[in-house]
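Just so you know, the protein sequences line up as chains A and B, in that order.
With the working numbering, letter number 362 in the first sequence gets 362, and the count goes up by one each step, no holes.
In the working numbering, each number is its position in the second sequence, counted from 1, plus 1000.
The reader is advised that the hints may include incorrect statements.
Incomplete in silico selection of chain A near chain B, CB under 10 Å [to be verified]:
| # | residue |
| --- | --- |
| 1 | 64 |
| 2 | 83 |
| 3 | 267 |
| 4 | 344 |
FYI, nobody ran anything at the bench for these hints, they're computed from the structure.
Think of the CB as a built atom: it goes at the ideal place given N, C-alpha and C, for glycine as much as any other residue.
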Amino acid sequence: MTDRRAWGWVRHLQQGGTTSWADWTGTAEPEGAVVPGAQQLELVRRLNLAGAPGPRLVARVLAMGAPGRGQPDLELVGAARESRFGPRPVDPVTVPDHELLRVAVGILAEDVVARGLPAPPKEGRPRPWRRHYELHGDPELVAPIRADLVARGRPPGGGDPVHVILATDLGRMLAHVWTARAFGSGIPAWRGWLRTLDRHGSLPAPIDPLVTARTRTGDARPDRIHVVLDQEALPHLLGVRRLPDPLPEPAAEAPDLARRISGVAGLLVPDDQRKALMRRTVRPLLAGEPGSPLSVPEEHLPWLRDHAARITDGLSRAGYAVHGDPAVLVPVREPGVEAPAPRSTLALAIRIMLAGRTGADTTDEEA
Amino acid sequence: MSKRVLLHVGTPKTGTSYLQDVLFRNQETLKDAGILYPADRFDAHFLAALDLLRLPWGGLELDAHGLWDRTATEVREWTGTAIISHEILATASRTQVVKALSSLGHPDVELHVVLSVRDLVRQIPAEWQENVKHRRVFSFHEFLEAIQDPDRKGPIASWFWGVQEIPYILDRWAADLPPERVHVVTVPAPGGPTDLLWERFCEAFGLSDLELDRDSERTNPSLGSPETALLRRINLKANHEVLPVRYRPLVRELLAHQTLSRRSDSPRLTLPPEVHPWAQELAGGWIDEIKARGYHVIGDLDDLVGPPPTQPYVDPDQPAESDVADAAVDAIRALLRENGRLLGVEEELNAQLEETRQALERSYLRPSYLARERIVRKLDSNRLGQWLLGLYRFGRGRSSRSA
C-alpha cells in the first residue's frame, strides 16, 4: 500500500501535480525498480509549481542521480519500509534547497554539454599598424575589451608591447575574479572562498597590480607598464578611439549556479571544452537574469583595505605609470548579495530549466 | 555478453588497493583463465566510478568522462567472467545503482556483488585519516560527532555511512539479487595470518587456482596518531597554497604514504574507548542482519566486532608535541631529499638546454642572419620601425599565401 501510494504520487507529479507528499493519498501501480528519491520528486513538484515542465524533463529529473557529494537518494517517510539502516526517510518538503540544486545542476550540465558551443567569435584580420599591447588585471574588465580588440583586428601581443594592468575597487575585483572562475573551471562557494583568502591574508594574483607587474610582464621596462584605475585612459594607451562598455554585473545567483554546473560539466567533457562551454554557452544563458550583484561582507573589508594601502604604496615606489586615483582601490561597502542563497540559486535553475534555454529539452513535444 | 560479472563495491580500507593492483598487473593471466579485468591504468575503475557517480575528486574527475560506459561495454562484450572493483562504488545512490547494473547487463547476466568489510573500531579512525589525506581539516572529535549524529545530515556523515554501513550498501546494490550471489568478505581481526585476507578475496573472485604475480607495492598504508595530527596541521596551513594536482604527489604520496606511514613506532590512531560500546552495538546489529539475509560470508562475521580499546588511548587532537615534532623532522628530511633530487633534475635539464641553445647559436652565426637580426631589433625599438615591420610582415604573409 505504502509503495503504491508513493507510485501514485510519482504519477501525480508526472502529470503536473503540485500536491505535497504529506497531503497525498492516491495510489498507482509501480512503474520502475525503485521509487525515485525525495530530492528528485520534490524538484519535479517545484518545477510544476513554477511552470509546466515537459514529460521528458520530468523523466530525466526522476532518473537523475544527484551528482557530487551530499545526501543519498532519500526515501519518502510513510512509504519506505521500516529499516534500521540508511538515512531516515523524509518528507520531501524538508529536503534542503542545496540538495534539490544538486539534481537540477546534473540536468543543466547535461543540457549545456548537449547544446555545445556557439559559433566562434569573429576575429578581425590583424592590422599591421596596431598598437602592441598586453592586457592584465581584473578578468571581468579585461575580457570584453580584449574580445572587442581581437574582433577589430587588434589582438594582444607584438614586439615590445605596452602592458596595461586594469584595476578598480579591490572588493569589486574580488567578486570579478570569483565570477570569472565560476564561469570557467569552477570555484568554491563565495563566502568560503573569501574566508580562506582572508584567513591567509592573500589576494588572488590577477587583482594585485604589483604582483601582475612583477610576474606577467616579462622583462618589460617599467615605463612600458601602465596601471589603469580610470578607464578613460584606456583608448589612448591601446591606440583606439573607443572601447566597449564593461560587462554588466551579473546577479549573484548566476555565477553561483555556473560554478555548480562547471563542477559537473568537468565529468562530462574534457577540461578545455568545459571552460569554453562555461564561457561561451553558460555565460550568455545566465546573462540578464535579474538580481543584485555580489558584494564583499563588512567583515572582510579591513583585510582588503590593508592590501589597498600596500598596493598604493608599492605603485608609487615602483615607478609604473598610474592612470587614475589609487584611492579607487580602497573597497567601499556596496549594496548587494553577501552570500548567494541556495533558494535563490535553485529558483534561477528552475527558471532556466522551464524556459528550455539550455536547449536539450525543447524536444518535449515528442512525448 | 559476459556469463558472470563480479562487482566489488567496497568498502574502503579493506585491502582494495592491493587487490586492484594485483588484478591490474595480472590482466593477461586472468584473461587466459577467462576472467576480464578491464583497465588500461591501475586506477581505471576508480575513474569509472567517478564517472558513474558524477563525483568531483580534486581534478581527477577530468580524466573520467565516459569511462563507466566504456568499462561496461567491455564487460558486456566479454564472454567469460568480468570483475569490476572499486570501493567508492559503495556510496552510489539507488538511481545510480539501477543505471550501473543495467549497463552491465543485469538482469540478463549472472551478477554477483562482493563487499569486503572491516570492523568499525578500525574503520572509523581509518576513514578520518583518509579524510585528512584528502586535504580535510576537521578534527577527530568533530568527525566522531558528525558520524554519531542520528540525522546524518552533514557531508561527513553522509559519506561515511554511504561507504561503511554494510546493510545499507547492500540494500542499494543487491536489493534484487538472491543472497547466494552476495558475498561478504570479512577482513581478519588484527594479528591474523598475513595471507588470510588474500585467500578470502581469491575465494570470492575465483582466483585460487591461478598463479598471480602478487608483488604489488600499491597499498594504502596507515599513519600513526601524531603523524595524522601533523598532516592535518599541514592542511590547515598550506591547503590554500597547494593545488590539488600538487597536493597528491607531495603531501599524500611523498609525505603520508612514503614517509610518515613508515614511522611504525608511534602511537596508533585508534577509536576512543568511550566510543567503543556504540561502535560494537552497531556492529552487532549488522552481524545479525547479514545472518538474517543469508548472504554468502567469506571469513568470520565475528571479525566485525573489532579489537578491544587500546590503552593508553592517544588523542590525535591533543598529541604529544614531541611526537609531532619528530614526525615533522622526518617530513622535512623527506622534502629536502626530494628537493635535492629535483634540483639535480633541474641542473640536468639546464645543461641540456644550454647545449641546445649553443647548437642553435652556432647555426645562427651566419653573417646574413646576424645582419637581419640587427635590422629587426633596430626597427622594433621605435614606432615607425614597428609600423614598417608590420607592413613587411603583412606583405610577406600575403605573398606566402599566394605562393
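Here is what the structure says about each hint:
1. 64: holds, 7 Å
2. 83: Constraint on residue 83/A satisfied, holds at 7 Å.
3. 267: This interface hint holds because 5 Å falls under the 10 Å limit.
4. 344: Violated, about 21 Å.
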